[in-house]
Structures are given as C-alpha cells and as structure tokens.
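Visitor: So you can see what is in the structure, the chains are spelled out below.
Protein chains: 2
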Amino acid sequence: MMKIAVLGTGMVGQALAGKLAGLGHEVTVGTRDVAATMARTEPDGMGNAPYSGWATAHPAVTLASFAQAAARAEMLVNATSGEVSMAALEAAGRDNVAGKVLLDVANPLDFSQGFPPSLFVKDTDSLGEQIQAAFPELKVVKSLNTMNAHLMVDPTQLADGAHSVFVSGNDAEAKKTVSGLLESFGHTDVIDLGDITTARATEMLLPIWLRLYGTMGTPMFQFKIVR
Amino acid sequence: MMKIAVLGTGMVGQALAGKLAGLGHEVTVGTRDVAATMARTEPDGMGNAPYSGWATAHPAVTLASFAQAAARAEMLVNATSGEVSMAALEAAGRDNVAGKVLLDVANPLDFSQGFPPSLFVKDTDSLGEQIQAAFPELKVVKSLNTMNAHLMVDPTQLADGAHSVFVSGNDAEAKKTVSGLLESFGHTDVIDLGDITTARATEMLLPIWLRLYGTMGTPMFQFKIVR
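From first to last, the protein sequence lines stand for chains A and U.
For this note's numbering, count along the first sequence from 1 and bump the result up by 84.
For this note's numbering, count along the second sequence from 1 and bump the result up by 84.
Chain A on its own, in the form it takes in the complex:
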C-alpha cells in the first residue's frame, strides 16, 4: 500500500481517489484552495457534483492543498485538467514532488474554440513531455488518459475488461509501479509504448475518442489493440 496524492477534485480525481482508497492506499486529494473546494455547492462546468458531497461519502480520503498532499505522498496522480496541470504541479512544489512517480492522466484539451476541443500541444510534443521537462526530478508515467473515468478504475464494467491501456515513460521502475496499480484496478492488457515521447500518441487519441463519444452517445467504450 502507498501514500498517494491525487491532484484534482473533478470527476477523474474523484474516481481515482475513491478507487485507490478502496484498495487500501492512503489517499490525499490535492486542490488549489481547500476552503473554496469545500464551499462549492454547484456542479462544475462539466455537470459534476461538487466535491464536498463526494468527500462526505468517502471519509477515508483527506483533502489538502496541492503542496500538503504532495509532501505527504510517495506517489502522485495528475488528475487536473490539462490546461492547469503545470500550475498545479508548480503549486505542489518542486521539493515535494522530487523523486516521486507521477501518474499523468491529463489531456491537453483546448476548449477555447468550442466543441470538440482541439489539443494545445500535439504530435511533436505532448503534455506528458512538457511536465517531464519542467520537472526533471519527477518520474512521469502517462496512462489512463484514453478512456472514461469509470473505465479507468473499473475496466471490467466493459467486456470483462478485454480492452487496452497504454503506459509511456522514461523510468522502467516507475512504469512497473503504475502497471501494478492498473492491474490492481482490473486492467489486463497494459501496453508499454516506450519513453515519454510516446505520450504524443495517446494524447492524440482524444480526437477520435471525442468523435466516438458523439457517435455512440455514451463514454462507455474503449480501445482494444487486436493482435
């Protein structure tokens, strides 16, 4: 069991924090402003219930500032939206994240031109790489960013889990740690794509994910690599 900080209080952060706590990890959720997060009573822009209600239902999970959450954790999860990921990690503090594994599930979505969003970095660079470059002392592993939050933490909900999840990162040990977590969630087909530059490939899956969501009318689908 690990001490894990989940940065981000939205749907993805809640799903991951809830699952990790359920598996027995000691989970702290990190947020920019604890008082503001707890005071919010309205759904967020994506229609998600406010954090406070979720927190009541998950008493084992602590809420703290980004810095406090990161300081007490052995491992970090970036579940913030891509646009604010870098600011969240800056707020977490360079000393508090140094040497730790960061599971990065964020996508570089740019909603400024409406729906579907475009990507604010792509193809020749990625958010995963940007984070790794800005925080060389972190062991960044990109994963889980190619599926809905429910399927991230409960893959057997769909086709008994017969679908694929990717990992990208420079540190073999860190990828092993993340792969172990993914398997503890129920993922059975973990594909190691290579170093963190391969995060370009999985972040660029978002456009087809978004189009499929539109076509299918549900986010409960998944990529499987048939071979």
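Treat the hints as calculated values from the structure; they're not laboratory data.
Where is the CB? At the ideal position from N, CA and C, for every residue including glycine.
Among these hints, one or two may not hold up.
To be verified - DEER-style ranges, computed between Cβ atoms:
no. : chain 1 : residue 1 : chain 2 : residue 2 : range
1   : A       : 197       : U       : 178       : 24 to 34 Å
2   : U       : 217       : A       : 197       : 41 to 51 Å
3   : U       : 197       : A       : 217       : 41 to 51 Å
4   : A       : 85        : U       : 270       : 46 to 56 Å
5   : A       : 298       : U       : 244       : 25 to 35 Å
6   : U       : 301       : A       : 106       : 45 to 55 Å
7   : U       : 234       : A       : 156       : 12 to 22 Å
8   : U       : 116       : A       : 220       : 23 to 33 Å
9   : A       : 182       : U       : 198       : 40 to 50 Å
10  : U       : 168       : A       : 273       : 31 to 41 Å
11  : U       : 128       : A       : 168       : 18 to 28 Å
12  : U       : 177       : A       : 196       : 47 to 57 Å
13  : U       : 217       : A       : 196       : 20 to 30 Å
14  : A       : 168       : U       : 244       : 25 to 35 Å
Unchecked claim - Short, incomplete list of chain A residues facing chain U, as computed with Cβ under 7 Å:
no. : residue
15  : 103
16  : 205
17  : 206
18  : 208
19  : 209
20  : 240
21  : 247
22  : 291
23  : 301
24  : 305
25  : 308
Following the hints, put chain U in place on chain A, whose structure we already have.
Guide: Then chain U, alone, in the frame of chain A:
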C-alpha cells in the same frame, strides 16, 4: 461491379487494386508517368517490390496515367502518399473526378524530420478535408487509413475480422458505397464517425499506430472499439 481507378502504385495501391480486381471490379491503376512506373526495377523507398512485377502477376489490372484512370472510372481510390495526394488529384483532372466518390486512404505523414514521422496537417484540419475543399465536386470518404494494407483488404487474417474500421464523409450515399466495399473485403465493424471533419480523428491515429508498430514489431494489429 464498378469501374474503379486506384491512384498510386505502392504497396497500398497494389493491395487495393488486387483485391478489387479479385472481387470482379474493373480496375485501372493511375500513376504520374506510366513509362517510368513500368521501367522501375528497384524496390521503392519503403522496400516494396517494383510495380512491373506486380502488374505481371495481375494481368486484369490496367496501368494508366492519373487522368486516363480517373476518366474511365466511376469511383476513385486515393492510395498515393499524403504528401503527393493533392498533386495526383490535380493531375487526374478536375473534369475527370467531378461527381465521383473518392475513397481516401492516404495519411498526412511528414518524414522530413525522420522516424517516427509527424503529421503535416492535424487536429484543426485534415488531409481528407483539404482534398474535399480543393475538389468540392468530389465525394470524399476517408477510410482504411488506420491499418496496414494487408488488413485493409483481408481483415479476417486477424482475429476473424473482429476489429473496427472508420468512415468519414459529407455524402451519405458515398459513405454507403464505401461501406459496401469494406464489407465485401470482410470488414464487419464499420463505424460512421460523421462528416469529413472527423478525418482529423482517424488521421491522428497514425502516431499511436506507428508507436505500436515499433513496440509490437509487426504491422498486423488493429484497433477495435469495444462497446
């Protein structure tokens, strides 16, 4: 049965022309310079055997200039490399392509910076859209660009064909024509993503396709959308 022009003499053009001819279609392969194509005796830059040998083994398939091939066809297939697709269609001639369905299987790969290639158009535009915009009189349907040439035409080689193929296009009838062709090849899961702007999504699958090719050491894999 249809009269079909396959533009492009490389591996993808050969695979599609051979399959279509085998199914009884009247196939003409289009090239920039017939004499030069037939005179080539060296493998191309990708290591593919020269066209002349393939042509000998496929006597039912005619070789002609882009313009002649397009003129006699009811339907067109763009199997040129993405960088030269626009030039090939210009050479085919606006009058010769007008009103016809174009199955566009090309990808906007840019090898100028080495391997893996980047995309010369992406995210907010696509090669499919560029072709549709440049030739508004064509009915462009993007498809098959997300898999190896062998699997394009013989999907049951892998997992009995239990994987997915996407179509994008503005014209419903044209998409029906293409979907019918795909089904005649053995594809069973044809997903209509929507209008031609959704070609952005499938062209952006190339980066992960290329990384998976590197990881797996074989191009015989496919995307399946599990739902």
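Visitor: Each hint should be assessed against the structure and marked as holding or not.
Guide: Here is how each hint holds up against the structure:
Remark: the range hint 24 to 34 Å for residue 197 of chain A to residue 178 of chain U is upheld by a beta-carbon distance near 32 Å. Checked against the given bound of 41 to 51 Å, the beta carbons of residue 217 of chain U and residue 197 of chain A, roughly 19 Å apart, lie outside it. Against the hinted window of 41 to 51 Å, the Cβ-Cβ separation of residue 197 of chain U and residue 217 of chain A comes to about 18 Å, which falls outside the hint. With their beta carbons about 49 Å apart, residue 85 of chain A and residue 270 of chain U fall inside the hinted range of 46 to 56 Å.
Separation of residue 298 of chain A from residue 244 of chain U is about 29 Å and conforms to the stated range, judged on CB atoms against 25 to 35 Å. Checked against the hint of 45 to 55 Å, the C-beta distance between residue 301 of chain U and residue 106 of chain A comes to roughly 38 Å, which is inconsistent with it. Between residue 234 of chain U and residue 156 of chain A, the C-beta spacing of about 53 Å breaks the proposed range 12 to 22 Å. Judged by the Cβ atoms, the range 23 to 33 Å given for residue 116 of chain U and residue 220 of chain A is violated: they are separated by roughly 49 Å.
For the pair residue 182 of chain A and residue 198 of chain U, the supplied restraint of 40 to 50 Å is violated, since their beta-carbon distance comes to about 33 Å. Checking the proposed 31 to 41 Å range against residue 168 of chain U and residue 273 of chain A shows it holds: the Cβ atoms sit about 37 Å from each other. With their beta carbons about 47 Å apart, residue 128 of chain U and residue 168 of chain A fall outside the hinted range of 18 to 28 Å. Separation of residue 177 of chain U from residue 196 of chain A is about 41 Å and departs from the stated range, judged on CB atoms against 47 to 57 Å.
Checking the proposed 20 to 30 Å range against residue 217 of chain U and residue 196 of chain A shows it holds: the Cβ atoms sit about 23 Å from each other. Checked against the hint of 25 to 35 Å, the C-beta distance between residue 168 of chain A and residue 244 of chain U comes to roughly 45 Å, which is inconsistent with it. With its C-beta approaching chain U no nearer than about 20 Å, residue 103 of chain A sits outside the 7 Å limit, and its interface hint is violated. The interface hint given for residue 205 of chain A is broken, as the beta carbon of that residue sits about 10 Å from the closest beta carbon of chain U, more than 7 Å.
With 7 Å as the threshold, the beta carbon of residue 206 of chain A comes within range of chain U, its nearest partner Cβ sitting at about 6 Å, so the hint holds. The interface hint given for residue 208 of chain A is met, as the beta carbon of that residue sits about 5 Å from the closest beta carbon of chain U, less than 7 Å. Violation of the interface hint for residue 209 of chain A is found here, the shortest Cβ-Cβ separation to chain U being roughly 10 Å, above the 7 Å cut-off. A least Cβ separation of about 12 Å between residue 240 of chain A and chain U goes past the 7 Å threshold, and the interface hint is therefore violated.
Annotation: interface hint on residue 247 of chain A holds; nearest CB of chain U at approximately 5 Å, less than 7 Å. Contact between residue 291 of chain A and chain U, as hinted, is supported at the beta carbon level, the nearest pair being about 4 Å apart and thus within 7 Å. Interface hint status for residue 301 of chain A: violated, as the beta-carbon distance to the closest one in chain U is roughly 10 Å, over 7 Å. For residue 305 of chain A, the suggested interface contact is upheld, since its CB lies about 4 Å from the closest CB of chain U, less than 7 Å.
Hint on residue 308 of chain A holds. Least Cβ distance to chain U is approximately 4 Å, under the 7 Å limit.
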